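Hey, can you work out the whole structure from these sequences and the hints?
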Amino acid sequence: MTVRDRVRIERAVQSYDWWLDLRGAPRRRRRELRTELRSNLRDATAHVGSRAAVSGLGSTRQMAAEVVPEDPTRPRWTAGLQAGGAALAIAVLVALLAGLAWADGAMSADANSPARGSVALLPGSSMEYEPLGDGFSVSTGVGWLPLAVGVLVFVAVARPWRALRAQTSTVPPLRQ
Amino acid sequence: MLKGVLPLVLLRLVADAEDYGYAVVLRLHELGLAELTEGTVYPALTRLEARGLMSSRLVPSSSGPARKYYAITPAGSEELARGAAAWESLAATVHAALSRTAARSDR
Numbered sequence: 001m002t003v004r005d006r007v008r009i010e011r012a013v014q015s016y017d018w019w020l021d022l023r024g025a026p027r028r029r030r031r032e033l034r035t036e037l038r039s040n041l042r043d044a045t046a047h048v049g050s051r052a053a054v055s056g057l058g059s060t061r062q063m064a065a066e067v068v069p070e071d072p073t074r075p076r077w078t079a080g081l082q083a084g085g086a087a088l089a090i091a092v093l094v095a096l097l098a099g100l101a102w103a104d105g106a107m108s109a110d111a112n113s114p115a116r117g118s119v120a121l122l123p124g125s126s127m128e129y130e131p132l133g134d135g136f137s138v139s140t141g142v143g144w145l146p147l148a149v150g151v152l153v154f155v156a157v158a159r160p161w162r163a164l165r166a167q168t169s170t171v172p173p174l175r176q
Numbered sequence: 001m002l003k004g005v006l007p008l009v010l011l012r013l014v015a016d017a018e019d020y021g022y023a024v025v026l027r028l029h030e031l032g033l034a035e036l037t038e039g040t041v042y043p044a045l046t047r048l049e050a051r052g053l054m055s056s057r058l059v060p061s062s063s064g065p066a067r068k069y070y071a072i073t074p075a076g077s078e079e080l081a082r083g084a085a086a087w088e089s090l091a092a093t094v095h096a097a098l099s100r101t102a103a104r105s106d107r
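Line by line, the protein sequences are chains A and B. Counting along the first sequence from 1, when you hit position 142 you're at 142 in my numbering, and nothing is skipped either side. Counting along the second sequence from 1, when you hit position 8 you're at 8 in my numbering, and nothing is skipped either side.
One thing to keep in mind: the hints can contain errors.
As the list claims (entries may be wrong) - Here are some of the chain A residues that sit facing chain B, going by a computed Cβ distance under 7 angstroms:
#	residue
1	Thr-35
2	Arg-38
3	Ser-39
4	Asn-40
5	Arg-42
6	Ala-44
7	Gly-58
These are calculated hints, taken from the structure and not from any lab test. All values reported here derive from a predicted model rather than from experimental measurement. Beta carbons: idealized from backbone N, C-alpha and C, even for Gly.
Structural data, given as structure tokens:
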């Protein structure tokens, strides 16, 4: 089995896992289903190749929907972590590009004087430009906004309040 | 229509011989049911297990992760007998209806 086969199989397995997580399947159940799908895909790959093996699955979203009835009481931790991580990475990238744009502006204004400032759209950010003898140095602090974006997206997708709601609904009533 | 009788066919296959997901797909294809893909068969096996009509066990495989073999349970055998009888009755009724319709159109 080639690396490409393994990557194809793993991509299908992770996509299946993503949809299972969104439907609220418990972690242990998801692990069992992942292992079974991986094993079947490996057998199919040995027989017809990884491309045909994966395409035979069709939509992994549909598969997950047929296997696990949606449980609206469970948080979606994995999906939340993945979406939050992606949002954080994008926000940091945008902040770094804004920092570079700021440094360009500082150099255009006066390349021989040090400058300090921040980007108005990035609260808490700090930019510093300093000319050196043989070049310049730029330091950038992206502030708290990218982290806040990541956390907000994580919370919106993972819906952790479902765990709290489930806990409070299982607490037995006090005896009088 | 095929999807509707898939659980019955799967129970029959697994009653004949304990098997794992991909091998069941191959057996279905050998029977001429090539349009049943893995994406339909795997969830159907999982649902039958969840309903207690099949049981499963992991068997180590030399080619990779352990394979999950499905076997029919006593409840599955009862369901198979009930389903097979219902199917045969339905098939006979539909066959009779279609034959009558065909005979009328020949006149």
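Hints versus structure:
| no. | hint | verdict |
| --- | --- | --- |
| 1 | Thr-35 | 6 angstroms, holds |
| 2 | Arg-38 | 5 angstroms, holds |
| 3 | Ser-39 | 4 angstroms, holds |
| 4 | Asn-40 | 4 angstroms, holds |
| 5 | Arg-42 | 4 angstroms, holds |
| 6 | Ala-44 | 5 angstroms, holds |
| 7 | Gly-58 | 4 angstroms, holds |
Every hint, counting from the list given before, is met by this structure.
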